[in-house]
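Trainee: Take a look at the letters that make up each chain.
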Amino acid sequence: MFCAWHAEEKYCGVHMSEKLFRLLLHLYRSHFRDASGDEALQLFRDRVRDEKAPSAVLRLWFDLVCDVIVAVPFEYFRPKPALDVEMLQRSSDGAPSLFVLGNAPPSTKALLSGSVVSVLALTVLSFSPVQTRSARHEPSPQLKVPPSHSAWKRRDNSQQLGDKKTTEITATKTRTVAAAERQRVIEAVAANLKKHYSDFTKQIGDIAPGSNLKAAYRAEPLPLQPSAETPGQTAAFTRIEVKPARSTDPQSSRVRVLPNGYLTATSVNVIMLISEGYGVPANPSGRLSTLPSWVYSERYDIEAQASPTAKRMGPSDMFRQVLADRFQLVMRTENKSMSAYALVVAQGGSKLKQAPSSDCIFDTAPEGCHTFVIGFGHPLNARAVDMDDLAHYIENWTDLPVVNRTSLAGVFTVSTEGWRPMRLPPPPPNGAGNVDFTHLQTIDTVLGNLGLKLQKKAATLPVYTVLEIQRP
Amino acid sequence: MPKRKLDPLPFTAFQILLALAGEDLHGYGIMRQVAEQTNGRIRLGPGTLYSSIQTLLEEKLIEEVSPREDAETERRRYYRLTAAGRNLAITEANRLADVLRLARRRKILRGAHV
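Just so you know, the protein sequences line up as chains A and B, in that order.
The first sequence begins at 1 in the working numbering and counts up one residue at a time.
The second sequence begins at 473 in the working numbering and counts up one residue at a time.
Note that these hints are calculated values from the structure, not bench results.
Please note that the accuracy of each hint is not assured.
[Unchecked claim] In the BS3-like style, the derived pairs of lysine-lysine whose C-alpha atoms are separated by at most 27 Å in a straight line are:
1. B:579 to A:243
2. A:19 to A:52
3. A:353 to B:532
4. A:351 to A:456
5. A:453 to A:353
6. A:453 to A:336
Please read all numbers here as calculations on a predicted model, not as lab measurements.
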């Protein structure tokens with residue numbers, strides 16, 4: 001280290017340093033040395049060239065030792081590249097052995113041998129008198145039942161390769177159902193439908209009273225279910241990507257829906273999607289059935305792009321579509337009469353401050369639209385929310401559902417103190433214990449300051465039962 | 473769903489992506505750029521640097537490019553940020569900006585909004 005770079009290397013400090021560094025490099029795995037050893041050496045040389053002051057040299061070696069301590073264990077835990085594995089077995093006595101070539105190209109001899117064997121095999125097969133059943137397109141005598149719709153649907157979204165293969169094999173075999181068996185299956189299905197779904201029209205009437213909708217028999221075959229969908233693609237979306245969240249910190253959670261139909265959600269749990277999609281409280285309530293715990297605890301990053309040709313969807317429609325497509329959500333909806341609070345304008349009129357709505361997109365960032373900033377006692381702090389947002393938000397802590405009956409249009413800026421909840425949701429696991437809200441004002445006082453109030457009334461509201469939900 | 477190697481994005485990998493956001497660089501250039509952008513607090517050693525580079529290459533967040541015409545005559549490997557790498561860097565920067573906003577809102581950090 002005390003002689004010039006181009007001096008006689010044999011007795012030069014630089015040479016000695018380099019030799020020492022080469023020894024250090026041997027602590028790394030061989031594939032690291034193969035892939036990056038030369039570059040690492042070059043980097044070392046660069047630093048030796050540029051950092052000649054004694055303090056800089058000390059710093060260099062300190063950095064290198066620290067790097068070895070940190071990086072070497074990491075390298076050993078790092079998975080090897082796909083083909084860069086050790087030879088499995090070497091032949092010592094001339095017997096055939098199996099080993100992986102890695103990046104080495106196959107030899108000419110191996111290519112020639114392979115070609116000859118392939119040509120011989122093809123020749124033998126071409127002159128074989130035996131023909132396979134599939135070659136003559138004969139139907140199999142085995143009964144094949146078409147896969148259910150849910151099986152087809154799951155095929156696109158299953159994460160397990162084994163499941164996929166099984167479903168695809170089943171689907172391929174369904175082409176060969178014998179005519180008699182086919183008729184028998186159709187009749188059995190028709191009888192089943194007739195037995196269990198005879199009150200279709202009545203059910204439709206219950207869900208949509210006054211709509212005059214009826215279920216009718218149709219002689220012509222119905223159009224097939226869309227089968228050209230690929231994973232992550234539906235008619236409504238050109239792309240849906242759902243991944244486990246990179247950050248599970250609830251404070252990094254954010255959901256945005258841009259006007260061009262681009263939905264992006266970071267560290268979002270499924271209950272939030274359900275809450276926004278179906279207009280139900282995220283806290284447990286009588287309007288939504290019990291859900292598995294992972295719906296609350298597991299967080300995901302989601303990106304979805306609405307199809308430009310599809311009918312324009314609002315945020316709630318998009319959330320529902322993502323839930324149905326990627327979380328296999330099947331929801332039963334029943335309209336029920338129940339006691340509720342109507343959010344109305346108090347005597348004296350509204351005291352709400354109108355917010356500029358020019359750039360108001362659905363965004364749960366603290367300064368976003370249609371969202372409230374979290375605080376102690378869930379104060380009503382928001383840059384721009386409409387009255388539906390307000391009713392939806394306070395319903396998380398009221399003892400009855402809340403419906404907006406204010407007839408106030410537009411978005412408003414609100415800023416209030418926290419308020420005493422009418423009901424407490426179950427505490428989260430490992431929560432900080434009971435929190436004292438008794439010193440806070442009531443929701444009636446908080447709303448009164450905004451020129452609003454709650455009126456207890458009977459209302460017919462949708463109640464949701466989750467029939468099926470799966471991890472993506 | 474298989475977990476990606478860079479999920480979450482390590483600090484070192486993010487610094488390398490930031491270093492390459494300006495121009496194509498070789499390994500030593502990346503090391504110097506990272507040292508500069510962190511005010512000398514981080515000097516990547518060869519093991520950490522090339523291990524991170526290898527992971528970023530495998531994830532196609534950076535790619536190797538031919539050296540610039542004005543580059544030094546020594547044979548070096550230059551790296552460039554891919555579109556996917558740039559998007560990931562933007563996402564990570566936005567995430568950190570959100571954290572900063574929150575810290576300022578909670579009066580933990582003072583200063584102008586990001």
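Trainee: Take the hints in turn and mark each one as holding or not.
Mentor: Verification of the hints:
1. B:579 to A:243: Violated, at roughly 32 Å.
2. A:19 to A:52: holds (18 Å)
3. A:353 to B:532: violated (50 Å)
4. A:351 to A:456: holds (21 Å)
5. A:453 to A:353: holds (16 Å)
6. A:453 to A:336: holds (24 Å)
Checked against the numbered hints listed earlier, the structure breaks hints 1 and 3; every other hint is satisfied.
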